[in-house]
Amino acid sequence: MKAKTILVRNIINLENQLDAITGPDFIPCLAIAFASVSLPLEAFAAVFAKHHITLIGSSSCGEIWADGNNTNTTERSAAVMLLELDQQAYTTDFTIDQWSDSYQLGREGALKLQGKFAHQAYIIMASGLHTNGQALIEGFVSIAGDDAIIFGGLAGDDALFKETWVFSDQQFSNKGLVVLCLDADRIAVSGLATSGWIGLGAVLKVTSAKGNIVYAIDGLPALDVYMKYLSVNEDDLPSIGVEYPLMLKRSNGTNAQRAVMGVDKQARSLLFAGTVPEGSLVNFSSSPGFEIIEVTRRHLDSFAANTAPPDCCLLFSCMARHLALGPLIAEEVKIAVSKWAVPLAGFFTYGEIGTNANQHCDFFNQTFTIVLLNEKKE
Amino acid sequence: MQDIFDELYNKINEAVNSQDFEASKDSILADIHLLKQQNEVIQFKFNRLIKDKNVLHSLLARTSDDLKLALNELSRRAEELNTLLFAIPALVYFKDVKLNYVIVNKAFEEFCGLKTEEIIGRSASQVFAEYKSIGYDHVERQVVESGIPVYHIEEKITDKGRNFILSTNLAPVKNSLGENIGLVGVSWDVTKQYEFQAALLKAKEAAEAGTKAKSEFLANMSHEIRTPLNGIIGMSQILGKSIKDPKNHEHLDIIIASGQSLLALVNDILDFSKIEAGLLGFEESDFNFREIIREAEQVLRVKAQEKALSFVVNVNPGIPEYLKGDAYRLKQVWLNLANNAIKFTEKGSVTIDSYILEDRGDELLIMTRVKDSGIGISNDQVSRLFKSFEQLDASHTRKYGGTGLGLAISKKLVSMMQGQIGVESEPGVGSTFWFTARLKKTIHVHKPINNVKTIDKETLGHKLNVLLAEDNLINQKVASFSLEQMGFLVTVAGNGRQAIEKFRSGHYDLILMDVQMPEMNGFEATREIRSIENTNGTNKRIPIIALTANAMKGDMEKCIASGMDAYLSKPFQQKDLHELITHYFTE
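So the sequences go chain by chain: G and V.
If you're matching positions, the first sequence starts at 1 in our numbering and goes up one per residue.
If you're matching positions, the second sequence starts at 1 in our numbering and goes up one per residue.
Where hints are given, some of them may not hold.
[Stated by the list, open to error] In the DSS-like style, the derived pairs of lysine-lysine whose C-alpha atoms are separated by at most 27 Å in a straight line are:
| id | chain 1 | residue 1 | chain 2 | residue 2 |
| --- | --- | --- | --- | --- |
| 1 | G | Lys334 | V | Lys45 |
| 2 | V | Lys214 | V | Lys558 |
| 3 | V | Lys51 | G | Lys265 |
[Said to hold, decoys possible] Away from chain V, derived, C-beta distances all over 12 Å, residues of chain G:
| id | residue |
| --- | --- |
| 4 | Asp146 |
| 5 | Ile213 |
| 6 | Pro221 |
| 7 | Ser231 |
| 8 | Asn283 |
Source of the hints: derived by calculation from the structure; they are not laboratory data.
We put the CB at the ideal spot given by N, CA and C, even for glycine.
Let the hints inform the model, and build the full structure from the sequences given.
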């Protein structure tokens, strides 16, 4: 496997860089791209079609790029991972949510890829604002299996909270799922999701909720609960609810952050990135400060010690980390880059998909989720 | 950052001094760029901290509000509970697993005269100085260990010279993990209730004693009435033998009949009084069932003949000859039902059948059905039949006589024989009264208590020398006459002492001994006579037959104990005495 990354500012820039990078010693067949909604995504995809490069990607909320030496976290750009590998070792798929049901979307997406390889690993992206990340994963896992290797992120839209996109070289959708399915016997996929967020204040009970929509907490409308406890205005949501998400205390002993993705001012309800079951216990959560970088460093150190060096990395980092760390986010990215010094592409997400403490695929917010791709040597 | 400032300051100074600004321009600009970057980070951190501070401050304030509200609510509820606990008008306490008090209420404080802080952490024996508990700690421990409540434990407590009786309910207390952490006890002072109960019991006993005294009085009175009545009847019968004028004979018969019906009434009242007073004795001895029925039948046959009724009495051959039970009472019930049947039947028949209803091996349930073709009884009258003092129609009393006690007495007697009594009837067609009695099977019968055959046949052939001990003059006359009629020589003694004197000085074949006599009663006299016999060293034992007027329960035992051999009810029938003498005392 050969991997190279490019960071592009516009279409012309993309054409130039592709021309420059492609040559006898590097003929990419697959691209994974994370692009700002400020770019013309149709034209962007068309460039890859023209170059006969299979493309999967999603819109983002800030892009992350590294070429092995240099690192950059940017906005209004696109980070692209270009791969040259055996075309028999992967397949891609694109599904549009025609059911308005994230579980069904996950299930259908997984069904289409069932049995492509003896062992499969998945990189998936889905429209962030449209999707209940938790339900999507549950649907996907219902087919792919509880122990399936799945990593990915939910598409962002530069914190506009309007429309989030997934795309291939052929298709676009603001309510879709795009999947890269890898032959796990040939391409090893591993990863780590680390948060560092901590719960704060009183534990409250979700008194009315359906799926990822929460209507009432402790008997009060969900929107009013946020406004009351954080002393904020209606218009501060949903972004304040991304920085200070709810920490969901699940019955299996694991905790997960649930970031606010949308607000219904009439119903005074909140839309979350993943399921918040009625009756569950939650409290507010916050990054404890800049030391979350140290948490990431510690987790990455122990992870790296037990993992073979990769050919390339993908990074799905929650947009809330960007907000919490500001310019220091670059420090966090550099930890991963300096660890392996391989090409890396990633984006700031509206939600991450990775492995939880119980070693099962799970849906997160607020995490730094790194994914390592490594072609197994014959 | 300070380092970069210092370096930049030096660089600018150097550039100014060297006058060659161009040479160090790039380096200075790089430092300025670095400073700008670091300033951005600082600025961000600063803004971020302010934002975090605001959010967290708000979160903290709200959470603190929540906590305050929750605490207020908790303390309000705690206060409510405390108020409630203190207002409960019973001793309420919570003890830990070591059975030391943890919580007690106001009533508890007041009861033991101590303040809460003097009670908490201490055991019952420490709180109640004179407390002596028997098995109570054990019960508490059991409740804590088993987790099962125990109700209504009563405990006597002596404290500071006062005596209390407490009634206590104990329930185990568990924590949210289901572990036993102690027990809660609720105690009531039931001392007053106990006092009331004792007073009530006393009152009840007094009332019962009153009723019993009344019944005893009535029983005695009946007895006192019976004695002169016996005299009237006895003497009238004796007189009858010497009166030749038919007109006078008729008058005498009326006197006798009236006397007999009065005697029947008095007997009913006596029985009923005995039942009420709980004095009705019940004898159990072997008897000949058919003979008893035959005797009863003979009593009524004349009456039936007078009314030209067909009077049929059947005893099923399956019923054994001898049975064990109270023959007298059985006969009484039989007579009562049969007598009623004849009394209320103007024409037709009275048929009486006895048969075995149930055979339990050692016991038989004998059914007797008394069927008549009399006036009958309607359904609503049946329910009143067996009650005391009830006669179906007031006019019956006038027409048929009677106390209205017959059936009530019969019912009581039947129940004493573990039987039942009832009636099936159709007005105008006739009635069938029935009763059952449980009687034991037996092999043979012993009429007398002692089977001493000391009278030889030859003596019997001549005149028997009989000593009659009897204090009542009328009874003396009636009995003497009867005995003389039987051809016996009679010597009368007025009391026990006279009887002993006569026994010492004379030669008698038989003693008839009244039980109740002034100066010395029949028991004492018998004991003395037996003692004299022993002292004399003669092997002769004179038969002594007790004459009992009111055979109370226990009299027979007293007769045996004193050394008597048999007993007869007063006034005795010549036939009975004859039978006793010929069957049991003759060699």
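According to the definition I'm using, a residue is off the interface if its beta carbon is farther than 12 Å from all beta carbons of the partner; does G:Asp146 meet that for chain V? holds (32 Å)
Holds or violated: is the Cβ of G:Ser231 farther than 12 Å from all Cβ atoms of chain V? G:Ser231 is in fact no farther than 12 Å from some Cβ atom of chain V, at 4 Å.
When you look at the beta carbon of G:Asn283, is every beta carbon of chain V farther off than 12 Å? Answer for G:Asn283: violated, closest chain V Cβ roughly 9 Å.
Whether G:Ile213 stays farther than 12 Å from all C-beta atoms of chain V, as the label says: The assertion about G:Ile213 holds, with a minimum of 23 Å to chain V.
Starting from G:Lys334, check that the Cα of V:Lys45 is at most 27 Å away, please. Holds: G:Lys334 and V:Lys45 sit about 19 Å apart, inside 27 Å.
Does the claim that G:Pro221 lies outside the interface with chain V hold up, using a Cβ gap greater than 12 Å? It holds; G:Pro221 is separated from chain V by about 15 Å at its closest Cβ, greater than 12 Å.
Measure nothing beyond the straight line between the CA atoms of V:Lys51 and G:Lys265; if it is 27 Å or shorter, mark the hint as holding. holds (24 Å)
Between the alpha carbons of V:Lys214 and V:Lys558, is the straight-line distance 27 Å or under? OK: V:Lys214 and V:Lys558 at ~25 Å, within 27 Å.
Comparing the model with each earlier hint shows violations of hints 7, 8; every other hint is respected.
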